[in-house]
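Take a look at the letters that make up each chain.
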Amino acid sequence: MARLLPLFAFALLVALLGFGLRWNMQHDQREVPSPLIGKTAPAFSLPVLNDTTRQFGSADLKGKPYLLNVFGSWCPSCVDEHPVLVRYAKELGVPLIGYNWKDDPADANAWLARFGNPYDVIVTDQAGRTAIDFGVYGAPETFLVDGEGMIRLKRIGALTPGYVEKELKPAIAAARLAAAQSGK
Amino acid sequence: MRIFRRTLAAAFALLFTLAAHAVQPLDFKDTAEEKRFQALTRELRCLVCQNQNLADSDAGLAGDLRREVFEQMRSGKSNTEIKDYLVARYSQFVLYDPPLSTSTWLLWFGPLLALAVGAGIVVVIVRRRQASLNQPPAAVAVASQEEDW
Chain F
39 MARLLPLFAF ALLVALLGFG LRWNMQHDQR EVPSPLIGKT APAFSLPVLN
89 DTTRQFGSAD LKGKPYLLNV FGSWCPSCVD EHPVLVRYAK ELGVPLIGYN
139 WKDDPADANA WLARFGNPYD VIVTDQAGRT AIDFGVYGAP ETFLVDGEGM
189 IRLKRIGALT PGYVEKELKP AIAAARLAAA QSGK
Chain W
58 MRIFRRTLAA AFALLFTLAA HAVQPLDFKD TAEEKRFQAL TRELRCLVCQ
108 NQNLADSDAG LAGDLRREVF EQMRSGKSNT EIKDYLVARY SQFVLYDPPL
158 STSTWLLWFG PLLALAVGAG IVVVIVRRRQ ASLNQPPAAV AVASQEEDW
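From first to last, the protein sequence lines are chains F and W. Read left to right, the first sequence gives residues 39 to 222 (this note's numbering). Read left to right, the second sequence gives residues 58 to 206 (this note's numbering).
If you are wondering where the hints come from, they were derived from the structure by calculation, not from laboratory data. Just so we're clear, the structure is a prediction, and the values are computed from it rather than from any experiment. Ideal Cβ placement from N, Cα and C applies to all residues, glycine included. Heads up, some of the hints might be wrong.
Subject to a maximum C-alpha distance of 25 Å in a straight line, what follows is the list of computed DSS-like cross-link-like pairs (lysine-lysine) [claimed, not checked]: (1) W:K134 <-> F:K192; (2) F:K77 <-> W:K92; (3) W:K92 <-> F:K140; (4) W:K140 <-> W:K92; (5) W:K140 <-> F:K192.
Derived DEER-like restraints, expressed as beta-carbon distance ranges [stated by the list, open to error]: (6) W:Y153 <-> F:A49: 35 to 41 Å; (7) F:A165 <-> W:Y153: 24 to 30 Å; (8) F:P71 <-> W:D113: 23 to 29 Å.
Work out the full structure: start from the sequences and follow the hints.
Right, dumping it as structure tokens:
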């Protein structure tokens, strides 16, 4: 029995390695969970893309759930994500706000002309102050804010059809239900 | 030789300008402020390139966060207040020196725990060996047999 001990120890180490490899494949190592989930979304008021005289922000969205999608023409993963937004934007039933992060308006327009514009409103922020308030650290990121102004969900990285169906749609349904109930 | 020296000097000058360009210049009022800023940003993690600190990182977001830290220092905020501001948005992950809390106790005491377990194992082995040496020769034979793997 004592002779087999090193073999057991080795098998245990191999199992640990296998577990670690599997875990790493299923989890994004760079993902930092947001401390803002379940808290009030930061207030913002930013110039609208192509209409810089107009400001748009959290005050205009009061009482209704919305999605805030962080994107930039410089961001490669946003290109991967964009078809998902274009496909689902209308059927999600909540306003989709584009947050054009640290981008040149001309580049953003060219990018949208090429890949399509699924957004209801696009706000621009070259200084990136609002991104810091939302704890954004990479594009794309997507926030679901409910009617109470609370952040319900944060997606770090590209939205996928699987994520939209399994996570986003149920969360939106719950947020809309809560908003409808509090409205009555 | 002189040409070589000149080239070397030029190369060094170039190296320093490149290094200086990596970080956008901030307008420090004195060296004390600059030192405080450098020390603070070295303790903060860049979230884009996660194994770099804010002071060294070249990422766009790191530049924004450095500016934010600088402006908050100017407005009279303490280091703790600035760290709290970042932790509220980016979680304790931004701190290279995380405080002791329920979620970090394993990080803090894990190595000590491993050391204690190792020491325990060593003590047990040594005691057993001593006990077997004090036994009659038959037991010693078993011990030496065990050693050959």
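Exercise for the section: Against the earlier hints, flag every one the structure doesn't satisfy and list their numbers going up. Expected result: Result: hints 1, 2, 3 break, sorted rising.
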